[in-house]
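Protein chains in written order, with the working numbering: chain A, 1 to 319; chain B, 1001 to 1319.
Careful, some of the hints might be misleading.
A partial selection of chain A residues facing chain B, derived with a Cβ cut-off under 7 Å [to be verified]:
1) L24
2) P25
3) G29
4) V39
5) D61
6) C64
7) E65
8) G67
9) I68
10) S73
11) K102
12) V106
13) A107
14) D109
15) E168
16) E171
Calculated from the structure, these hints are not laboratory results. Idealized CB from N, CA, C, for every residue including glycine.
There are 2 protein chains.
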Amino acid sequence: MLGGHILPRFNNRYLDLLGDSAVLPSFDGPLCMTTDSYVVDPIEFPGGDIGRLAVCGTVNDLACEGGIPQWLSMGLIIEEGLEIEVLDRVLESAAAAADEAKVQVVAGDTKVIERRGGQISSLMINTTGIGSLRANIDLDPGRIVPGDGILINGNIADHGISVMSAREGLEFETAVRSDVAPLSALVFDLFDSCIDIKFLRDPTRSGLAGVIADLVENTGMTVELDESSIPVSRAAAGAADILGLDPMNIANEGKIVVVTAEKDRQKALAVMRANRYGRNAAAVGRFTSVTPPVAELVTSAGGRRVINRPYGEELPRIC
Amino acid sequence: MLGGHILPRFNNRYLDLLGDSAVLPSFDGPLCMTTDSYVVDPIEFPGGDIGRLAVCGTVNDLACEGGIPQWLSMGLIIEEGLEIEVLDRVLESAAAAADEAKVQVVAGDTKVIERRGGQISSLMINTTGIGSLRANIDLDPGRIVPGDGILINGNIADHGISVMSAREGLEFETAVRSDVAPLSALVFDLFDSCIDIKFLRDPTRSGLAGVIADLVENTGMTVELDESSIPVSRAAAGAADILGLDPMNIANEGKIVVVTAEKDRQKALAVMRANRYGRNAAAVGRFTSVTPPVAELVTSAGGRRVINRPYGEELPRIC
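Bound-form chain A, shown alone (with noise of 0.2 Å):
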């Protein structure tokens, strides 16, 4: 398994040694740590797959606060009866994830599980990883003020889409892809253009509705959403509407939002839509000082509504 399947994709010189931990150089700097289990059914679907969401979903928190992302682990769980076919899939689709976001697989540990039952054999994989933290950025949600932008680099909804469409086995007219993407260098480039940024936090598990939900909790602000100026594809809004569900509330892969002062809009607009991954980037919403705070959408046409923090947790999960 080992020699045969893992050290060929995540060839690195601390890998390699396999000793009880991987020995790796000293930093400069504080460090920035973050967990994540993934347990996504199926684990293939369109526009990405397990090794790519494990991969990308801790680049991206380690990018969320401020950490330029080093070192991940790996641990895999496998049902027996895993295809080996699916398995080295999965891997080189997380190697190939790992080159992009110029991360390093040091330390890795693969168990293998009785099958539980399902259709088939399934696969679990934690990652965790280590970055250095970068300096001079203040992310605070306590220094956003009224007028702050609200941004994000594209369309909401399509990871959530792909999953439960693949899981479900629809066929929509066009298929809606995962976003599921590295988003670390397009968070190096808005720091990099000394842009004011003060909040960074990938919309997953309960999409855009949960991270504004939250923002309204952290600030005491009221949020205002343009629901026109939210981008969303219309395949991944058609099949929200068929499954009856809001694509606010839908999981995203490779989507951050961004909180940022009205100075600097515009700039970080550019700044995102430059970059491979935020090429549809949008301002959608900003900070006011309408009392009580609440997170609220102007819609299309033109009515207000509140928009709640989803709750509960759907099972089988999507990321």
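Since the structure of chain A is provided, determine the placement of chain B on it from the hints.
Below, chain B alone, put in the same frame as chain A:
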């Protein structure tokens, strides 16, 4: 979940911030990093549980590489329906083990998955650990020479027997309790005594026999083990006999195999015996220049037999 069950137990300044990543102070010198997923069945067994196991296993992997364990991430994958009392006990146990090992859990993740069968809902845990590398150590099996001694810090086979007995509902005359324990303090005691340690390894999954097989392979030297000096309790030996297993192949979770120069053997034994997890430490074998290289057991009856590497993987897993 997070507020009620996890944060109160792993309270520390880094975890409490609940950001996308924990931000940690900088390190001096090289780091080490290791990851392991724990899928033991049952999750509670005499002498321990999956929480203590997940902390100690990762702490011990760092210590075996010469690392000073500092920070852990903990990813919980919980089957829906897991009794909250069981989860609480496991988390309490993990927190106590982390305190004992002087590590902080700084990053966490919880996923709930569909229950997939089995009599009760279960739990899997991934822990990833970061440590700082101790200065002035040279753990390298390439330094081993004929005459060097092989030591172990106490009775073998207790963990595997404990888990297998709990799983099968076997009751032996004397209950065998898992030896699961954090061994970083014992390892530090050895280093602090200026003993020339050439190799450290925790004999988990494939037992003492697995580590010995690795040593023969890595050094190209013969290892001669003295069966009568290998510490094993009467209860564990009896249970292994009933289960048709060789204690040498049974997993341990609180043991460490130490290779040291012959001149340091007695001193190392004394240091280990002074630690609470080393009271029954013993010198169990030595390297010789006999060729071809082989792992050989000198039996209590005076015979000799070759020790083979345990092969295959039993399911359900025991660590």
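State the violated hints by number, sorted upward, taking the hints as numbered earlier in the document.
9, 11, 15, 16
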